[in-house]
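Novice: Each chain is listed here by its residues.
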Amino acid sequence: MGGWLGILVGALAASGTYLLLQRERLPRALGLILMSHAANLLVFAMAGGQRLAAPIVPEGASAPPALATDPLPQALVLTAIVIGFALQAFALVALLVPASGEPAQPEEVA
Amino acid sequence: MSTPVLRFAARSLAPLLLVVSWVLLTRGHHEPGGGFVGGLVAAAAVVFFALVFGEDEARRRLPLEPLRLAGVGLLLALLSGVPAALSGRPFLSGLWLDLALPAVGKAGTPLMFDVGVYLVVVGIATALLLELLRPADGPEVD
Amino acid sequence: MFLALLLLFVAALFAIPACRRLGRGAVWVLPLPFVGVAVLLGTRLPDALHEEGIRQSVPWVRGLSLDFALRLDGLSWLFAMLVAVIGALVLVHASGYFRGDSRLLGRFAALTSLFATAMLGLVLADDLFVLFVFWELTSICSFLLIGLKHEHQDARDGALRALLVTGGGGIAMLIGFVLLSQAADTSSISVLLQRGDLIRSSSLYVPALLLILAGAFTKSAQVPFHYWLPGAMAAPAPVSAYLHSATLVNAGVYLLARLHPALGVRPEWHWILGHVGAVTMLVGAAMAFGQRDLKRMLADTTIAGLGTTVLLLGIGTATALRAALVFVAVHALYKAALFMVVGILDKRTGLRDVDRLRGLGRSLPLLFLTALVAAMSMAGLPPLVGAIAKELVYEAKLGAPEAPGVLAAVGFSANALMVACAVLVGLRPFIGRGEATRVEPAIAPVALLLPPALLATTGVLLGVVHEGLMAPLIEAAVRVMGAEPATAELLADTAPTAVSWLAKGTLFAGVVLFVFRSRALAWSGVLRRGARRGPARLHDGMMGAVAAVASRVADVSTRRPVAASVAIVGVAVVVITGRALVLGGLPPFPGDRVPAAHEFVLVALVLAGAASAVFSRTPAAAVIALGVIGVGTGLLFLLLGGPDLALTQVAVDALAVLLLLLVLRRTRPVLGVRKGWLQGGLALAVGAGFMLLTWAAIPDGHLRPVSQQLSELSWPVAYGRNVVNVILVDMRALDTLGEIVVLTAAAIGVVALLRGGRQEART
Chain A
1 MGGWLGILVG
11 ALAASGTYLL
21 LQRERLPRAL
31 GLILMSHAAN
41 LLVFAMAGGQ
51 RLAAPIVPEG
61 ASAPPALATD
71 PLPQALVLTA
81 IVIGFALQAF
91 ALVALLVPAS
101 GEPAQPEEVA
Chain B
111 MSTPVLRFAA
121 RSLAPLLLVV
131 SWVLLTRGHH
141 EPGGGFVGGL
151 VAAAAVVFFA
161 LVFGEDEARR
171 RLPLEPLRLA
181 GVGLLLALLS
191 GVPAALSGRP
201 FLSGLWLDLA
211 LPAVGKAGTP
221 LMFDVGVYLV
231 VVGIATALLL
241 ELLRPADGPE
251 VD
Chain C
253 MFLALLLLFV
263 AALFAIPACR
273 RLGRGAVWVL
283 PLPFVGVAVL
293 LGTRLPDALH
303 EEGIRQSVPW
313 VRGLSLDFAL
323 RLDGLSWLFA
333 MLVAVIGALV
343 LVHASGYFRG
353 DSRLLGRFAA
363 LTSLFATAML
373 GLVLADDLFV
383 LFVFWELTSI
393 CSFLLIGLKH
403 EHQDARDGAL
413 RALLVTGGGG
423 IAMLIGFVLL
433 SQAADTSSIS
443 VLLQRGDLIR
453 SSSLYVPALL
463 LILAGAFTKS
473 AQVPFHYWLP
483 GAMAAPAPVS
493 AYLHSATLVN
503 AGVYLLARLH
513 PALGVRPEWH
523 WILGHVGAVT
533 MLVGAAMAFG
543 QRDLKRMLAD
553 TTIAGLGTTV
563 LLLGIGTATA
573 LRAALVFVAV
583 HALYKAALFM
593 VVGILDKRTG
603 LRDVDRLRGL
613 GRSLPLLFLT
623 ALVAAMSMAG
633 LPPLVGAIAK
643 ELVYEAKLGA
653 PEAPGVLAAV
663 GFSANALMVA
673 CAVLVGLRPF
683 IGRGEATRVE
693 PAIAPVALLL
703 PPALLATTGV
713 LLGVVHEGLM
723 APLIEAAVRV
733 MGAEPATAEL
743 LADTAPTAVS
753 WLAKGTLFAG
763 VVLFVFRSRA
773 LAWSGVLRRG
783 ARRGPARLHD
793 GMMGAVAAVA
803 SRVADVSTRR
813 PVAASVAIVG
823 VAVVVITGRA
833 LVLGGLPPFP
843 GDRVPAAHEF
853 VLVALVLAGA
863 ASAVFSRTPA
873 AAVIALGVIG
883 VGTGLLFLLL
893 GGPDLALTQV
903 AVDALAVLLL
913 LLVLRRTRPV
923 LGVRKGWLQG
933 GLALAVGAGF
943 MLLTWAAIPD
953 GHLRPVSQQL
963 SELSWPVAYG
973 RNVVNVILVD
983 MRALDTLGEI
993 VVLTAAAIGV
1003 VALLRGGRQE
1013 ART
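Each protein sequence line maps, in turn, to chains A, B and C. According to the numbering used here, the first sequence is numbered sequentially starting from 1. According to the numbering used here, the second sequence is numbered sequentially starting from 111. According to the numbering used here, the third sequence is numbered sequentially starting from 253.
Isolated chain A (complex conformation):
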């Protein structure tokens, strides 16, 4: 299964790069999102890339099953997904919402 995961990562990266190289803004924003997906899957691939058990300690045992995926890359990707969401929002708003000059009355952001 790992090989197909690699193909997937490659496809996502290719799509993302292609979109990032476009002239218009929306495709570029979409390209960022696709690259983000590609990167997440790449790091996740380092966790095993096969159908293995989840790294959860079963009842009665004191360690996860021997053939379990690697929890460390998963932890990395988990935060990456959420941060990616926040950055997606930032990129989208920065790219697409019309630029404004100095605001008339600066508001407190709270």
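Quick caveat, the hints were computed from the structure, so don't treat them as lab data. This structure is a prediction, so every number in the text was calculated from the model and none was measured. From the three backbone atoms N, C-alpha and C, an ideal C-beta is built for every residue, glycine too. Hints are all accurate, no fakes.
Sample of chain C residues facing chain B (criterion: CB under 8 angstroms; computed from the structure):
1. Pro895
2. Leu899
3. Thr900
4. Ala906
5. Leu907
6. Leu911
7. Leu914
8. Arg918
9. Ala970
10. Arg973
11. Asn974
12. Leu980
13. Val981
14. Val993
15. Ala999
16. Val1003
Put chains B and C on the given structure of chain A with help from the hints.
Specialist: Just chains B and C now, with coordinates in the frame of chain A:
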């Protein structure tokens, strides 16, 4: 965007989603879940409510403004590391109490940290999405 | 002592909600933590006066053997009390000053409490790097406080300038601290104070000294770093009353006093401090005399006062050290009072111009009295404690090992100018025949007036009863600074005639200067303008040059189409992976060639989504495609053993689709046709690189050692079954902490962008 069906759905589902988000948070230490997912689901609950009843109404129902909620979460996460430091261990070491709280499970500083993460995620996601739900110019467009 | 810090920190946290709830009642609550700290300090005084004082420490960074150590001795007690007492009074004063604007008061109180925490930590710190942390914290708080009314441009400018100057000095000081800790083989202040000879004979002495002095001189506004202080007058008067008279600006002086046993008693020390101090003293006094704005005048006299203190520390005799400490305390008392007075004047009349304020004594009698008493202390008029300070200073100058005559003369000139300023502040606005300046009705007279009145009264009391109260404290502080306390008395009663003549002469000369002010100003115009403008212009010039270089670099690196930047990155990826492949050979296709049915479906789903995202014709289609990719990826995570990831991915995907739709609704962008064969080629190359990278990255069955260890510890030690979660919130919680900070920052950015845009759309 509100029809009677949607209104009913939102009123019933939003609290339900909040409960689910809490469950996800508290079970996270032993089963899949945790502060990040919990926060996202809670944010989804708020945003769903806002889609139907309006961003204003949803904001009113929040205990704090979304970014302040995130700030509280950060503070909680930071403070969860202090007990360890005070007892001579490195900052943010996990310290656990021997009792089990109802609806939460075993209590300890990692749980406090996770709650902080939960609040931060709810706060930021809600802040982003609610701000986008505001009408850009003039009355509500849709 | 940790308790004191905690008290102030908690005060900072609760200040804003407290002000919102309590409104006028805040005046009773806000100063309480400060009073508490003062009481705490008071109870520890007897212990603090012993040999080495009290030390408390907590291990902090074991790897660097850095302890979070605090030390309370005579020296730090003095400065700490200033922080606490004047802080309490300033808060009372501020609740009157900001009456009616509880939001501003809340911010002021919170920031001031935070600043006080930092300042207290600074003077109590017993480790160089702990001190540095608090030092920088005070700079940041000062930045926020000066820019309290951030809607005003000059507040922002003043705050930024202060931050740049003191921040730059702080960095230099840090390097100096590193050198010093190398020379002394420790970063603990208590220890390195005993290794003075070792430090002084080290080859690192001179660079360390210069760098540390840079830090001290920038903070304490010595020439040529003095120009930030007048700009900081854009801050509201209560801020200046606290920061720019009693606390922040004294940080540099404190540092010099504290490190005196380690760095002092070498010719370089004496030379530099002596010259810089003397020059600053003169320059400050001259600038002050020519000022019309009362607040700026006070700022300039503060510069002069700080110069005096530095000079005294440079002289280094026991008398000089004693004089320095007395002067610091006395200066804090009268300067804080005067700043508050000027603030009240500003509030009631709308003016700060000394030439336009007249005859207010009739309408503001109590204010007049307060101002007068404080000014008398500043001028050195007996029986106020300012007189004692002045005589001590002269005694120290005359007793200087080198050039006592020159020092006395310089001091005489500067002090005469200061006396004139004292008259200008404390007397002139209140007297005068003819039409008195208009006065607005009082809003919160007691809160506003009581603190400066108390400070002024203290000046009188201490002047009369100084022996018992101040002498033991000063002696203990001087002992800490490494000098032998000469006599048990603060001031030899049989004061040498020279000193008393000098003191009286200064008063006389000051009055003369005051009377002939306009003529004196005309003569010295050019000099003063140079002193005031010179360094400031240099600073602005440097900042302008930095900005110009930065924009040039930015142009070179970013003024090209985004596509070109992406292309560069893409080519780099291809080249790097290509080289790795050439060197290491192609990685094999990992896993089974033929996937199971459901695996294949998921992969095909995501591939279809990607293709659709690339070639979609409408924004809506692109969004749907992304949604599909997200769900597909989530299911893949589930399939391949990452349930937490699956949950998170699907949840994020739902919110992300919503996010996209909302943004698109707002902006309705156009989606043209994708084109470009060259782009396509590069994209395929990048994709191939990523694919091969993934193939190479897939592990061959065994867990990495660190992952193995984490998995094994998860249940027995961390009481958690979900290893991923345990890693996130327990084992690597510090990383997660950083990550949630990033989340918050991104959200703040988005909201700010959206709100800014909304403002624009409305106008």
